[in-house]
Amino acid sequence: MASSAVKLANPNAEVLRRGDALAMNIQSARGLQNVLRSNLSPRGTLKLLVDGANQLTLTKDGKVLLNQMQITNPVAVMIARAATAQDDVAGDGTTGLVLLVGELLKQASVYIEEGLHPRVITDGFDAAKREALKFLDQFRVQMEMDREVLCSVARTALRTKLQAELADQMTEAVVDAVLAIKPEDSAPIDLFMVEIMKMQHRTATDSRLVRGLVMDHGARHPDMPKRLTNCFVLTLNVSLEYEKTEVNSSFFYSSAEQRDKLIESERRFVDEKLRKIVDLKNTVCSGVDKDCGFVLINQKGIDPLSLDILAKHNIFALRRAKRRNMERLQLCCGGVAQNSVDDLSPAVLGRAGLVHEHVLGENKYTFVEECKTPRSVTILIKGPSAHVLQQIQDAVRDGLRAVKNAVEDRALVPGAGAFQIACRQHLLRPAFLRTVRGKAQMGIKAFAEALLVIPKTIAANGGYDPMDVLVALEDEVQDGHVAGIDLNTGDVLDPAQEGIWDNYRVLRQQLHSCSVIATNLLHVDEVMRAGRASLKGPNPGEEQ
Amino acid sequence: MKEVITLQFGEQANYAGTHYWNLMHAATSEDADASLALETLYCECNEQLDSAQTRKIQLSAPRLLAYDRAGNYASRGEDSNANDNDNNNNNGVDVDVDVDVDVEYSSGREKRDKGNGRVAQGVEAAWNGQNIEIHRQHQRRKTSLAAAASESGIRYWTDYSDLRYHPRTLNSVSGLEFGSSLGEMNTFIEGQRVFVGEDSREEVLEGRFRAFAEECDLIQGFQVLADAYGGFAGYASAYLQRVREEYPKSPIVLYSVCAGCEDSMGTAQQTDVSVAVATALGQEVSMSVPLFAPPRLDRPDLGVSLDFGSQFQTSAFAAANVAQWSYSLLARSRTMDEVVDQATHQGFYRIAESLLAPRLEISGDSASTRSSVSDLVRDRFVACSSVRVDSIESLAGQLFVDRGTAVTRLVADMLPRSAYVDNGRAVALPKAFPSIFGGPQRAESGKLASVGVAGLLCSTSGSEARLQRLHSSLKTEQSRHLKDYERDDIRELRYALDSCIDRYSSI
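Listed in order, the protein sequences are those of chains H and Z.
Just so you know, we're using UniProt numbering here: the first sequence kicks off at 1 and counts up by one.
Just so you know, we're using UniProt numbering here: the second sequence kicks off at 1 and counts up by one.
Isolated chain Z, as found in the complex (with noise of 0.2 Å):
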């Protein structure tokens, strides 16, 4: 039980995981003698090797695979005012006519930008067809990781990014062969065909997939970042459904990810988050757990401030949360079955919630009460979903994970021994992380600074109103957000979901 593939789908899932590459990255970087078992997730990657960088961190790249629309991908590559100048002639010479990169964006904003005269003109150009609009990046320079830090020069998830890249890392998708829209892949079913599509011309777990498992001697199972609606939440979905005809038993765990809140998604959405929850338990995903921005900040004495309306802060939170339970991997405190079976009692109840709690800090004696973590846990632990835990008596699994508080003091004495991992050090945070957990963000000079977080993973029966939310939303069978579905194939996911229901309500 060694390696763990990660795939990443998606944009909002992207900008958490490179978010997640980095804390890890961190991490590893801070322990460079600690034992850490890199190989579990990443890989030697030895190509352009610079003969100057021959530590063992430089060597490895994340055995990650990342798929996005090409748009989203920042020009990634040396820095230099030559180069650049090369790709405009270069861009020059592949298409005639230029449009401004607004143009491209306006369909996406138009509405938002409509004071602004010249993006408004832009837009009357295109749209009488006075050019072809053609699709190219913003020439960026490359935003040292300083900069990045600010946050406001953010676009791009590459932007942030403090990693090497596999060669093999970076995917790009396109909706506009097999999709039904401008290549922007909308809805979820969307998705689903054009991973249908692209598989039926060249399968496309032959290529890159296939060889980082190849490489793999013995495959711990694999975790997943996928947005939680849209597009590629589908292509994710059809994607893990090959991976599992391949790999029957290997746990597939599911990362849910969204910027915004549960609470604040559109009917469209939300429908398409029910088809994509309902899809992945009617498909063997070992545990699926929902990221979306925590919903309630608003209790006292939290260690995390968020800004909603920036993605680059809610995802570095969610990415806080995958850090959390992949770390074990990497201290091999724990394997991905065990952590599986430990947050969904052995696989039954599919759906977990995460929680975290960061800057927590437990005073007095050891003994404290059971009634302390439960109050601790409503107080202190944030979760990522409209889900409420209150009282871990509740709790159908539960794992705690420790990195730097002193939870494990607590919860040792009232839970088994595989309930609780602690994995000692704190999470060191990368430079380029927003400051969301409040805090001194520098610590002395040459070190990263670093925060105590424990986490919660468990099912709890507050799942179940979550799921009956999902499942009201499949019911109306009239909502135009169907209209692709065939009634059938909404019949199965409402099943799906009710069984699910019915494992929660009997907690």
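Bound-form chain H, shown alone (with noise of 0.2 Å):
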């Protein structure tokens, strides 16, 4: 037998040829996507994981899936990559991309069984993904992008993950959200100053926006106040711990008094810090202000003593707060965080309406909430148990994505599966088929019946006969109407009339992907493992 260069090179290597390289490959990739093909749209179903320490998943994110599903096939892993790069970009649509890669591949093979070369195929891949992406952008709908129209975006994003009640409680939650946080101009909506933050604590639908802060964290002073009304609010970078000297770390002392003292000296530095912050207070909080409370958050640490003096002051401290939360403090109740206690002045202080603790069991939450104007916000989840909440979790972080991409976009495209069945019509029409010369014209037919793998999926899922449903579909689309599933009664709607969009850029960045994927795919005629890389032992336990 022929074998191949590596086989030369290395006798150990392991190679698969030409015909089985490909069939691994679609092999592969239709593996994944049968695992996920159950969970699109939002009468998709869930997966229940569990983990190796016995943690349990509850989700049908498939960007939550292909993490935790501990994949070692190389093409599925490529894919789940792809898959990851467009939850990146997107936020949205990892499910069917792979199922479009899968279906890709899946109706390559039938040609490539018929002795077409992939190239061929790969050839007219490139040219329908090209006319499609002219087509989506013929086919979204601009409009401006009010609070309606967002909720209806958030909805459809949320109710895929979320049983329809709670979803659309959370819809407005997600919209007001992300509309506080909009800068004026058209500069990019920075996600990260909608805090999401997790209580596990009475029933999902206790969940609400707070137009404020969250903190998981509280006062560590049984002494400090549990709730202050109009506050000043200092966020402070500044260490409030005893230190020692750097220059000789250790003492050289010969009797208690001795030690007594140097201790002292080394405790003044932070005694000084802590005495030009309540100098502060106390000229801010007089006169009018007298009955104003006075909060103090610092990225760093506060030790003990320290926190006894702010105690007695009335001050109410936090320690090592989140990174991100001095930059969401300053967006809430304005003031500028401080590096260095040397130019605290009343201009740096930042204002809230009503600073309160909640403590459920061990765990304590700050409440910084009825700022002015707040530019960042906390979307706060509650739920009974873990999974309820990291589910929610999930679907709120989508919903906001979802909402994000709407604004910055200003398009939306009509969703229930409307695009694909509309753009499977736009590249199988003649006028289309004739810009293409020869064979590639099966790449573009190939191309347009992968699109079809979403509406069908969404039909099955649903619980309806897929290829009734696409009959019904296309009927409608030859009137020249958008038409999409409805998931209800199995028949025909119009999405947009019924308010279920999709992002642009989504289904942008799945055309694009998919086809690169599946082309990359195509393309492969050797795989070979050949010399593991892998600087790990032998497993434990395991005979060498």
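None of these hints come from the bench; they were simulated from the model.
Certain hints may be false.
25 Å max Cα-Cα, derived SDA-like pairs, lysine to any residue [said to hold, decoys possible]:
hint, chain 1, residue 1, chain 2, residue 2
1, Z, K483, H, V527
2, H, K198, Z, P248
3, Z, K249, H, E526
4, H, K198, Z, R208
5, Z, K249, H, V64
6, H, K198, Z, R210
7, H, K445, H, H512
8, H, K364, Z, E215
9, Z, K249, H, K198
10, Z, K2, H, E272
11, H, K261, Z, Q220
12, Z, K249, H, D342
13, H, K312, Z, K2
14, Z, K2, H, K198
15, H, K364, Z, R164
16, H, K364, Z, R210
17, Z, K2, H, D342
18, Z, K249, H, E243
19, Z, K2, H, K445
20, H, K290, Z, R242
21, Z, K2, H, N237
22, H, K276, Z, D337
23, H, K182, Z, K2
24, H, K198, Z, Q283
25, H, K273, Z, C43
26, Z, K483, H, R275
27, H, K276, Z, L205
28, H, K261, Z, K249
29, H, K300, Z, R164
30, H, K261, Z, V196
31, H, K300, Z, L205
32, H, K198, Z, E202
33, H, K382, Z, D488
34, H, K300, Z, D337
35, H, K300, Z, V196
The task is to assemble the complex, starting from two chains supplied on their own in separate frames and drawing on the hints.
This is how it looks when you write it as structure tokens:
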């Protein structure tokens, strides 16, 4: 047998030759497609994952699934990475991408089995992709993004992940959150300015939007006030911990008094910082503002002695705040975060109407609320159990991304499979096919057919016969209408009327990367594994 | 100066770490009455508290963050057949193709298992793409500690753990998303990239690490066990850099753990170790301690015997080293600052060597001469790297820790008081500790066996030779192992090693 060049160089190398390699790639992609198929659309089912530490994850989010399943098949890993990239760029559409890649390979395999060279098919893919992207630009609906439209976008995103009631409730929270942080000019939206805080408490329907900040820690001193109104907020990044001098790190003392003296002198640095903070408090909380509260939020630590001093002056102090919360606080309450206590002045303080602490068993939460025009907000997720919280969190994150995309794209695409159906018809127009010469047309046909996997899967997951639905949809599209699947009746609907919208950039990215990966995989004619680069030793407990 | 946060990265480090926590647990439960400052290493953990267990020890869990690949955790959890069946069902739901678990591990060991037809078949099936490989854990029954002590059943580090973990402790890292391999994280640089990738999405330190830090009143420092090479070494290095930014002055002690001997490493591994060491030197790790399997055990009357093929045993020895130093923190006889200062000559030398002499018995009077201590160090102490420590005169900084031996008597009249600690009590050996220290494992009923161990933590001119060797493995610029790095980065790493070598050569 004419063994490959690698075999000559390294007899131990494992090699899969042409036919086998392609078959393996196609099989793997379809295998992955089969795993994720049932999760698409609002009617899709969930998966329950059990990991090594017996932790349970209940999800239908394609990206979460791909990360948690420990895939070790090389092709599947490639597809999973592309899906991750999809999530990074668009925040949604990972399941759809995996389905499309699998379907493209499946359609291509039909032609390849008949002897068509993969290169010819991929040429067709390329042409089809270009045309599809062009068509997407025509098909999208450009409109003013008012709150109502955004709500329907968010609802579409959330309903695929949550049950309808909860989704409707979170919809407004998500939209209001994005609208609150949206910059005046058309600068990009920074979703990190929406904090997502989870509280295992009560029921999921208690989740809400907090126009302020919620932090997952509380004051560490029992005498600190638990509830303050009309507060000044000081954000600091200054260590209020006792630190030893650096020059000489070991003590030299011969008596107890000497030792105390040394510690005292080192302590004085911290006390000096505290004095400045207390001075500031006394300056601002006087006169008319005598009853105002004073809140100190520090990114660095505060030791018990310092806490004690602050508590005595009725200052509510938090230590080790998240780095990002420093930024959020400035947007929430105003004020400027300080890196030293040297230039403290009333001008650097922010304001908040209400600061209070909420204790849940071991965990404390601090709410900074009632801010004037907060430019950073918190979505507070409540739920009775950890996996409910996780599920809502995944959904909210997707919802936020969807709303953000809509605002930034200023355009939407009718959902419910409408685009894929219309795009297929568009690609199969003889007028377009004629522009591409020769066998590459096969590739275009394969691409067009592959697009149908989305509506088909949506229909199948809704409990309807995919073919019936497809026929109905195609009739409608022939008449020049925009048609999607009505999951309640299995009939045809107009997605725009029902408020079912997909993000423009999600579809764009999906079309783009699915054809790129499928092309790459089809071009592989040999898979080899030679010379493990692994540095790992043998698994423990295993014979050498 | 109170709390210490412990971090563990990677499989080998976690192997050692589990032994370490078992040792600490044994020590604390032996002297439940003694004035050990549990809050240095442990934090309170009141969740899932049974009303029956109200003793203080049971309320505390290590202040520990362990990072490993999800595949390296065994199933932890309640052991009952019903539960196991449940799990099987669940797995049945989430994957529609089940592949025998051997297949998943095949990439790691197919070469060795060539004779095994079943595995070969499995490999072929997966390779031909008939199945998607989905990594499933063995459905393990929870090994009882007694069974674990027999060593044969141990496959994961969670198998012999004696601990109650804090709910925040166990974290899994996957290289799948951001790495370049099939999720294994094989090289240092891949580990770094995985950290950067994860960090860009959601800051890694903001979550569980910050939650631990927020609970602390005054952090004493960080002790870190990390793999000496491979992805988790890189992950740890990137992690520590962030810790350093956040805590510019706290001491960070890095133990680089490896189950094998330093001499028997392959080129690729050695390059990785070099990069890891150089990076640690460059980023202000206060003290870096290599913990490999001891290279030479051929001397007579050593208190250690090791099966070098068993990661369970070699990691136990590494853990005994870590426990030796951190017991002082628990007993409040030294703070982390003081340990680092003493061993590294006020932080001037940043690589310290760790040596142990278990079962050290010193006979005769206390008037032993200076030379006898040097002899003792040469003959009886076992080092954890290829460095030779011969005479204590050539040490730049040293810290003797005595747990139940008479070393204190010997060194007391020749060293300043800060250079030795007498912790009195011998090391209590947990039930799941391999019998590497010889002697009887079981003491009288109800009590754990214990053994006297003397330890020496020092910076020695011997490290120079080791650093030179590491340096030269970075020199071969055509080496394929360095292809992932920029030329300038390599130059910087070599510079870090160079300047460190300069310091050692002046001892």
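Practice task
Would you pick out the hints that fail for this structure and give their numbers low to high?
Solution key: 2, 3, 5, 9, 14, 17, 19, 20, 22, 23, 24, 25, 26, 27, 29, 30 and 33
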